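Start from the sequences, fold in the hints, and give me the full structure.
Residue numbers (our numbering), protein chains in the order written: chain A, 1 to 223; chain B, 1 to 223.
No lab work stands behind these hints: they were computed from the structure. For clarity, every value in this text was computed on a predicted model and none was experimentally measured. Misleading hints may appear alongside valid ones.
[What the hints assert, rightly or not] Covered stretches of chain B (in silico footprint by chain A; criterion: 3 or more residues with CB under 8 Å from a CB of chain A, positions within the stretch not fixed):
#1 19-28
#2 55-69
[Stated by the list, open to error] Here are the simulated DSBU-like pairs of lysine-lysine, each with C-alpha atoms no more than 35 Å apart in a straight line:
#3 A:K158 to B:K53
#4 A:K59 to B:K59
#5 B:K105 to A:K99
#6 A:K30 to B:K105
#7 B:K105 to A:K105
#8 A:K3 to A:K182
#9 A:K97 to B:K53
#10 A:K105 to B:K53
#11 A:K3 to B:K105
#12 A:K99 to B:K86
#13 B:K183 to B:K97
#14 B:K156 to A:K99
#15 A:K105 to B:K158
#16 A:K86 to B:K53
#17 A:K59 to B:K99
We put the beta carbon where it would ideally sit given N, CA and C, even for glycine.
Protein chains: 2
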Amino acid sequence: MIKLVLLDVDGTITDPGRLISLRAIEAIRKVQNDGVIVSLASGNVIPVMYGVKTFVGVKAPVFAENGGAMFQNDNITPFFSMDMPKRLFEKLESEEKLKGILSNKWRLTSMAYVPVEGHQAEITSEAESEGLVTVDSGFSWHLLNRGQDKGFALEKLKEIYSLDYDEILVMGDSYNDAPMFKKDVVKAVPANAEESLKTIADHITKEGNGDGVAEILLNLRSL
Amino acid sequence: MIKLVLLDVDGTITDPGRLISLRAIEAIRKVQNDGVIVSLASGNVIPVMYGVKTFVGVKAPVFAENGGAMFQNDNITPFFSMDMPKRLFEKLESEEKLKGILSNKWRLTSMAYVPVEGHQAEITSEAESEGLVTVDSGFSWHLLNRGQDKGFALEKLKEIYSLDYDEILVMGDSYNDAPMFKKDVVKAVPANAEESLKTIADHITKEGNGDGVAEILLNLRSL
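Right, here's the structure in full:
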C-alpha cells in the first residue's frame, strides 16, 4: 500500500508554462485527507517551496534545490554546503561559460544557470573534476554537490516516516527526477515525461502534467 | 469599466488556513484571458510572490512587503529602504518587545514580527517617533517605511497602465488593505473582511475568501 507520494513540481504538478494544475492541488489535498503523506521535491529555492507548501497545503516536509535543503515547521535544513558549487559557478561565470538565474539569490546549497551555447559539456566535465554534478531540470541547469538529488530527498522521507520502499510512490517528468526512479519504489510518470523515465516507470498516465498527477493520486489504491 | 483588479493574498485568495482557493485561481486566469489586468499585493516576501505569480499565472507585476517591492520579468524593484525598519527592529528585538518571523530572511524593505504580549502599543509609538509605521496583516505585524502600503502599490499600477481610479477594483480583507481602500477606486471585500473595510466597501460578497474573489471577478461587467 502506498503511504507516501513524492512529487516533482515543474512539469509534473505544473504545465509547461509553469501554471499549477488545479486538479493536482485538489487531488493532493484529497489524498492527504485520506491519510496519504504527500511531499514535493523541486530544483527551485526554499522560499518558493515554502510558498507552494503553504498555499497548496502540503503537510509533510518539502525539498528545494534538488534535495539539497528541506523545509518543515518554519525550519530550513540544508543538507549540503554552498562552498564548492558557488566557487565553480563564479569561475565559470567569469569565463563566460554560463549565466546565473534570478533564484540564485535565494539558494543555499547549489547554483542554477543557463549554459552559454556550446559550453554545457565543458561545464559538466569541470564540475565532475571538482566532485560536483550538473543536471537539467527542464527549466534550468543546476550545479550540485555529489549525492545532492531527489533520491537523497526520498531517503530522508523514508527515514522520517519509517517506510519501506514499496510504500513510496514517486512521480516526475525530467532528468533531475531520475535519481528517485533508481530506488526500489513505485514509479509513475505523466504522459509528458522524458523517454528515459518512461522506460523505467511502472505507470505512465494517459494525461500529461497535473492531470496525470490527479489520475495517479485518485487511483492510488488500485495501482 | 474595470480594467485592473488588485487583490490581497492571505485571507482574500486564501482561506484562514492559507490554502489557496482553486476557484479564485480559475477566476483570475479567466478574467486575464478576457483582457483584465490582475495584480497581487501582499505583506509576504518577493520570492514567495514570485512563486505565486508564476504558478497562478498572474501576468502583471506583483507586490511584496505591503507595496515595498515589485516583481516583474525577473526584475525585483524595491521602492523603499531597509535601513530604518531593520535598525528599529533590532533595537526592539534586543529589548525583547517583539520576535521576528522566518520570512524576514528574504525581506528587502520592511521587517515582520510578532509582538511580545503587551508591547504592541509601545512598538507602534516608537515606530511613529522614528518616521515608521506598523500594520497588522492578519498573519503577522509589519514594521514599514512611511508611505509603504498597498495604496502605494495601487498608484504604481495606475501609473504603469495609465488608468483612471474608476477603472481599478481592489479587494482585500484586513487592516493592511485599508490604504488601497482610501483611493477613489471600486472596493470589494470578501464576507470574512474586517468590519472597518466592510463599512467603506462598494461590494461585500456573499461568500468568504477565494469564493468571494471568484464571485467578484466573474461578475466584473455587472458591478
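Non-conforming hints, listed in increasing numerical order:
none
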